[in-house]
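2 protein chains.
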Amino acid sequence: MFNKVVIAGVGLIGGSLGLALTRRNLAKEIVGVDPDRDNLNKALALGVVHRADSLAEALPGADLFILAAPIGVTLGILEMAIPYLTPGTIITDVGSVKGRLIERAEQMLPQDSYFVGGHPMAGLEVTGVTGAREDLFDGATYVFTPTANTEISAINSLKDFAHALGSKVLELEPAEHDRAVALISHLPHLLAATLVNTVAADDDCGGLLKLAGGGFRDATRIAASNSNMWRDILLTNREMVLQSVREFRFQLEEMEQAIINFNREDLVSGLIRAREVRESLPENRKYVSRIK
Amino acid sequence: MFNKVVIAGVGLIGGSLGLALTRRNLAKEIVGVDPDRDNLNKALALGVVHRADSLAEALPGADLFILAAPIGVTLGILEMAIPYLTPGTIITDVGSVKGRLIERAEQMLPQDSYFVGGHPMAGLEVTGVTGAREDLFDGATYVFTPTANTEISAINSLKDFAHALGSKVLELEPAEHDRAVALISHLPHLLAATLVNTVAADDDCGGLLKLAGGGFRDATRIAASNSNMWRDILLTNREMVLQSVREFRFQLEEMEQAIINFNREDLVSGLIRAREVRESLPENRKYVSRIK
Numbered sequence: 001m002f003n004k005v006v007i008a009g010v011g012l013i014g015g016s017l018g019l020a021l022t023r024r025n026l027a028k029e030i031v032g033v034d035p036d037r038d039n040l041n042k043a044l045a046l047g048v049v050h051r052a053d054s055l056a057e058a059l060p061g062a063d064l065f066i067l068a069a070p071i072g073v074t075l076g077i078l079e080m081a082i083p084y085l086t087p088g089t090i091i092t093d094v095g096s097v098k099g100r101l102i103e104r105a106e107q108m109l110p111q112d113s114y115f116v117g118g119h120p121m122a123g124l125e126v127t128g129v130t131g132a133r134e135d136l137f138d139g140a141t142y143v144f145t146p147t148a149n150t151e152i153s154a155i156n157s158l159k160d161f162a163h164a165l166g167s168k169v170l171e172l173e174p175a176e177h178d179r180a181v182a183l184i185s186h187l188p189h190l191l192a193a194t195l196v197n198t199v200a201a202d203d204d205c206g207g208l209l210k211l212a213g214g215g216f217r218d219a220t221r222i223a224a225s226n227s228n229m230w231r232d233i234l235l236t237n238r239e240m241v242l243q244s245v246r247e248f249r250f251q252l253e254e255m256e257q258a259i260i261n262f263n264r265e266d267l268v269s270g271l272i273r274a275r276e277v278r279e280s281l282p283e284n285r286k287y288v289s290r291i292k
Numbered sequence: 001m002f003n004k005v006v007i008a009g010v011g012l013i014g015g016s017l018g019l020a021l022t023r024r025n026l027a028k029e030i031v032g033v034d035p036d037r038d039n040l041n042k043a044l045a046l047g048v049v050h051r052a053d054s055l056a057e058a059l060p061g062a063d064l065f066i067l068a069a070p071i072g073v074t075l076g077i078l079e080m081a082i083p084y085l086t087p088g089t090i091i092t093d094v095g096s097v098k099g100r101l102i103e104r105a106e107q108m109l110p111q112d113s114y115f116v117g118g119h120p121m122a123g124l125e126v127t128g129v130t131g132a133r134e135d136l137f138d139g140a141t142y143v144f145t146p147t148a149n150t151e152i153s154a155i156n157s158l159k160d161f162a163h164a165l166g167s168k169v170l171e172l173e174p175a176e177h178d179r180a181v182a183l184i185s186h187l188p189h190l191l192a193a194t195l196v197n198t199v200a201a202d203d204d205c206g207g208l209l210k211l212a213g214g215g216f217r218d219a220t221r222i223a224a225s226n227s228n229m230w231r232d233i234l235l236t237n238r239e240m241v242l243q244s245v246r247e248f249r250f251q252l253e254e255m256e257q258a259i260i261n262f263n264r265e266d267l268v269s270g271l272i273r274a275r276e277v278r279e280s281l282p283e284n285r286k287y288v289s290r291i292k
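Going line by line, the protein sequences match chains A and B. In this text, residue positions in the first sequence follow the numbering used here: the first is 1, and each later residue adds one. In this text, residue positions in the second sequence follow the numbering used here: the first is 1, and each later residue adds one.
Chain A with its partners taken away, still in its complex shape (with noise of 0.2 angstroms):
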């Protein structure tokens, strides 16, 4: 499908497309770059990669160019990435928010280059290329985000890679993406590490914990996911954030006004439109949490 694909950064996600690329014969030839040496003779060593190289060595001829480094270093790696790129390498990126990153790449990139962001909604709580899994893809939404400006075959490429992970493909604006996962994913982990720090905030925290069971446990897993890479997440994503919290402030104190008032019916028709929605969601993907 490719002759060679370059990966810069290879963490989790760079790292499980690497592994991808190479079991399901997607490219003859995958290159890592990663400022990280000893993360780099990792990602060779399982195989997540064929060579590693610099951007100046490895860009040129490249089909597809992954930015898959954190959300803060992306756009540094782009400017970096340029004076190297060939006409007509795919560049396209894994991160979590859109809007602004893409309309700084299309301002950044010259006029013949194909980018087209990409967001591969797949993660676990594990971090690192030691987590990377070639199925991490398999069954998961694959999001692309294509502007007026992006090149039709670049993005029908990426569609077709996609797919050849296993992916759900799906289009969306920048601006419709980042307004989703604000309420989707960023959200719910921004409330799962506030209700541990509740429990955290009490005299008795250990005791508390004692008597945590199945509820808590799957309400707070993602609370613990990779705090730098949340923090990063949630600042690029940050209006989008506060209008998802202050939705959610407003759905609470609806549920609050029910329990002050003792209003049984109130209560229990937001607790059954909540089960409802909930239960309508489809079957999970094979994809299973690592954490305990």
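These are computed hints drawn from the structure, not numbers from a lab. Please note: incorrect hints may appear among the correct ones.
One copy or two, it doesn't matter: identical chains are merged, so the pair holds either way.
No more than 27 angstroms apart at the CA atoms, straight line, and that leaves these computed lysine-lysine pairs for DSS-like [unchecked claim]:
{"hint": "1", "residue 1": "Lys168", "residue 2": "Lys210"}
{"hint": "2", "residue 1": "Lys42", "residue 2": "Lys28"}
{"hint": "3", "residue 1": "Lys4", "residue 2": "Lys159"}
{"hint": "4", "residue 1": "Lys210", "residue 2": "Lys159"}
{"hint": "5", "residue 1": "Lys159", "residue 2": "Lys28"}
Fit chain B to the supplied structure of chain A, relying on the hints for placement.
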């Protein structure tokens, strides 16, 4: 261990207690009492109880009387049971809220009755006797809430019983229990339902749910629990639940302020605290949620 055990309310918890009592040879005879005849027939078919009877017929000569009906009707059943209680019968309940129930039960019961509040902290998103599992309490925490009026021999028998189910026993004061479960169980349920409702309130709820990954699923799994049961729990533990919501809101505002002010340090330290506390939770017990 017991000659005759009477279980009033043969649902998920009552049914699982019945199964565990039979399969672990903890009782010679288990009698089910339930206003729902269909449910009793299912319980008999599943071997959860040996026979079904009325309170009047079942209670005389019982060693143990377990109130396992929904929390809203527990006191009513206890009141109906009083004329048929034999002195020396140990009485316990399985309700998620203890303070008011125990106060009322102690006022209501004759001096020679042996009442001990109990709360086996195990559950599933499914309800009803068909979900009953012999191992539901294995590895779970079984809380008892004795008071100054509790007979020592009764609490000791119940502790032996809980250990025989495979549970870890914890003794708490009723108010202490209610405060703890508000934070570790009732608040998480309320937040999970509220999170789902925040997404449900969006014009594009269907589109958002397509993007739901493992994080949203985990965080909202308990929103699929029985709505009437949770309405009753939240209202019965009203003061403690409202206090825990206030504490949560305070923590949420701290996180929100960090995002508004672009305060990277405060935000990441909140996320790190949550991650560390979440990671400190001991290994999960073998109970596995049955819901997708």
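Now the hints, each set against the structure:
In this assembly of identical chains, the alpha carbons of Lys168 and Lys210 lie at most 27 angstroms apart only when taken from different copies (10 angstroms versus 40 angstroms within one copy). Within a single copy, Lys42 and Lys28 get their C-alpha atoms as close as 20 angstroms, which meets the 27 angstroms cut-off; across copies the closest is 61 angstroms, which misses it. In this assembly of identical chains, the alpha carbons of Lys4 and Lys159 lie at most 27 angstroms apart only when taken from the same copy (17 angstroms versus 66 angstroms across copies). Within a single copy, Lys210 and Lys159 get their C-alpha atoms only as close as 47 angstroms, which misses the 27 angstroms cut-off; across copies the closest is 17 angstroms, which meets it.
Taking CA atoms no more than 27 angstroms apart as the test, Lys159 paired with Lys28 passes inside one copy only; the shortest distance there is 19 angstroms, against 65 angstroms between copies.
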